[in-house]
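So the sequences go chain by chain: A and Z.
Read left to right, the first sequence gives residues 1 to 149 (my numbering).
Read left to right, the second sequence gives residues 1001 to 1226 (my numbering).
Take these hints with a grain of salt, some might be off.
As the list claims (entries may be wrong) - Cross-link-like lysine-lysine pairs, in silico, DSS-like; alpha carbons within 25 Å at most:
| # | chain 1 | residue 1 | chain 2 | residue 2 |
| --- | --- | --- | --- | --- |
| 1 | Z | K1037 | Z | K1048 |
| 2 | Z | K1212 | Z | K1023 |
| 3 | Z | K1018 | Z | K1073 |
| 4 | Z | K1003 | Z | K1037 |
| 5 | A | K116 | Z | K1023 |
| 6 | Z | K1037 | Z | K1005 |
| 7 | Z | K1005 | Z | K1031 |
| 8 | Z | K1003 | Z | K1048 |
| 9 | Z | K1073 | Z | K1048 |
| 10 | Z | K1005 | Z | K1048 |
| 11 | A | K116 | Z | K1003 |
| 12 | A | K116 | Z | K1154 |
| 13 | A | K116 | Z | K1031 |
| 14 | Z | K1005 | A | K116 |
| 15 | Z | K1073 | Z | K1154 |
Unchecked claim - Partial pick of chain A residues on the chain Z-facing surface, computed with a CB cut under 7 Å:
| # | residue |
| --- | --- |
| 16 | A36 |
| 17 | E43 |
| 18 | T111 |
The hints are simulated quantities; they were obtained by calculation from the structure and are not laboratory data.
C-beta atoms are modelled at their ideal positions from N, C-alpha and C, and glycine is treated no differently.
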Amino acid sequence: MNEQLYLLVLGWVGLYAPVALGAIGASIGCTIAGQAAIGAMMELNGGYGRYVGLAALPSSMSIYGIVVMFVLNRPVTPENAGGLFGIGIGAGLAFLLSSIYQGICCASAITGSKAKPEIFGLSLAPAAIVEGFAVFALVFALVAAAGLQ
Amino acid sequence: MLKTKYVTLMASLPPLGKLFAAKQTPISRIKLENRLKMLTEEDAARLKQIENLIHWSHLPMERTDAQIVDAAKQFFQEVSNQTLRAVIESRLDLHTVIAALRRRQRGDQEPPQGEVWGYGRWVSYIERHWREPGFRLEGVFRWVLEANRLLAAKESVALERLLFGTVWEQLNLLSEGHYFDFEAVVIYVLRWDLVDRWTRYNSEAAVKRFNKLVDSGMEEFRNVFA
Chain A
1 MNEQLYLLVL GWVGLYAPVA LGAIGASIGC TIAGQAAIGA MMELNGGYGR YVGLAALPSS
61 MSIYGIVVMF VLNRPVTPEN AGGLFGIGIG AGLAFLLSSI YQGICCASAI TGSKAKPEIF
121 GLSLAPAAIV EGFAVFALVF ALVAAAGLQ
Chain Z
1001 MLKTKYVTLM ASLPPLGKLF AAKQTPISRI KLENRLKMLT EEDAARLKQI ENLIHWSHLP
1061 MERTDAQIVD AAKQFFQEVS NQTLRAVIES RLDLHTVIAA LRRRQRGDQE PPQGEVWGYG
1121 RWVSYIERHW REPGFRLEGV FRWVLEANRL LAAKESVALE RLLFGTVWEQ LNLLSEGHYF
1181 DFEAVVIYVL RWDLVDRWTR YNSEAAVKRF NKLVDSGMEE FRNVFA
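The whole structure should be built from the sequences, with the hints applied where relevant.
Put into C-alpha cells, the structure is as follows:
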C-alpha cells in the first residue's frame, strides 16, 4: 500500500515538474536578461523595446513546460507513475537549465549589441541555439509520452 | 554556472574600446562612481583596496615600499578569489621589476640590502641576477629588455606605452570567463583607469604643445615690434 502511494506521489511530481521547473528557470533567465536590459537602458537614449523583448526570450521555457504537462496529463496509476516521473523531471530540468543559460546568452547579447548595434541579429544566435536544445527536450518528451498508458 | 551578480552594472557600462586609440574615457569618473554604487558595501571596499594597491599616484608620498608590501600581504590573506589575486600579483610583479630597473638605472650596483623594495616571488630572483640586463626574466616578462632599453634611453613616454600595453593585455587575459561578476567589475575599473591615465597624459602633452605654440607665437609678436 505504502509502495503504491509512493509511486502515485512520484507520478504527480512528474506530471507537474515540467511547469514548475520551466517557470522557475524562466523567472531566473528573464531576471538575468532583464537586468542587462535595464543596464543597457541606463546607458542608451533609445531602442529600449528590442532589449526588453530580448529579455523575455527565456519565458518560452515555461510554455514548453505547460505543453509537456498537458501531454502527460492523465489519471496517475502505479503502472504509469514511473514514466510520468522520468519524463516530467527530465523535461523540467532541461527547461530549467536551458532558460537560465538562455538568460545569460540574452544578457551577453544585450551588452554586446549595445556596444555594437549592427551585431544585434547575430548576437541572438547563442540564445537561439539554446532554445533549439530545449525544443529537442520538448519534442522527445512528447514522443516518449505517447508510449505511456 | 556563470556568476551573474552584477549584470545591470556591467550592462550599464560603455565599452572601453582600444587603449591607445582612446581620446577620452567613454564614461566620466563621476558617472562611473555613480554606477559603482550598485556594488555591495563589501565589494565596494574590496575594489577600493585593490585600487589603492595598484594606483599609487593618488596616495600620500610618504607611503613607503614596506607599507605597500604590508598592504599586499593583507590583501592576499583576506582574498581567496584566484582572478583577483592574479590581477594584483601580475601588477605587483610589474611594479617590482620596474622598481628594480629604475634602481639600477639610477646607479645602484647591488640590490637593496636590508630594506623591503618589492613584492612577490621574483624579488630574490631579481636580487640574484641584478647585473643581468633583464634579470634573466625575459622568458616570463617579454617586455623587460625593451623596458630596460627605454629606461636607459630616457624614453619615458614609450616606456609608459609599453607598460600600459602590457597591463592592458594582462587584464584582457584575466577577463576571460568574467562577464557579469565582481571580477568583471574590477577588471573594467582597472582598464578604465588605464584609459583615463593615458588620455590625461595626452592632454598634458597637448597643453605643453599649446604652451610651446603660444610661446613661439609671442616670440614672433615680439619680433614684429623689434
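Each hint tested on the structure:
no., hint, in the structure
1, Z/K1037 <-> Z/K1048, "holds, 12 Å"
2, Z/K1212 <-> Z/K1023, "holds, 21 Å"
3, Z/K1018 <-> Z/K1073, "violated, 33 Å"
4, Z/K1003 <-> Z/K1037, "holds, 19 Å"
5, A/K116 <-> Z/K1023, "holds, 19 Å"
6, Z/K1037 <-> Z/K1005, "holds, 14 Å"
7, Z/K1005 <-> Z/K1031, "holds, 20 Å"
8, Z/K1003 <-> Z/K1048, "holds, 21 Å"
9, Z/K1073 <-> Z/K1048, "holds, 16 Å"
10, Z/K1005 <-> Z/K1048, "holds, 18 Å"
11, A/K116 <-> Z/K1003, "holds, 24 Å"
12, A/K116 <-> Z/K1154, "violated, 40 Å"
13, A/K116 <-> Z/K1031, "holds, 21 Å"
14, Z/K1005 <-> A/K116, "holds, 23 Å"
15, Z/K1073 <-> Z/K1154, "violated, 33 Å"
16, A36, "holds, 4 Å"
17, E43, "holds, 5 Å"
18, T111, "holds, 5 Å"
Against the hints set out earlier in the document, violations occur for numbers 3, 12, 15.
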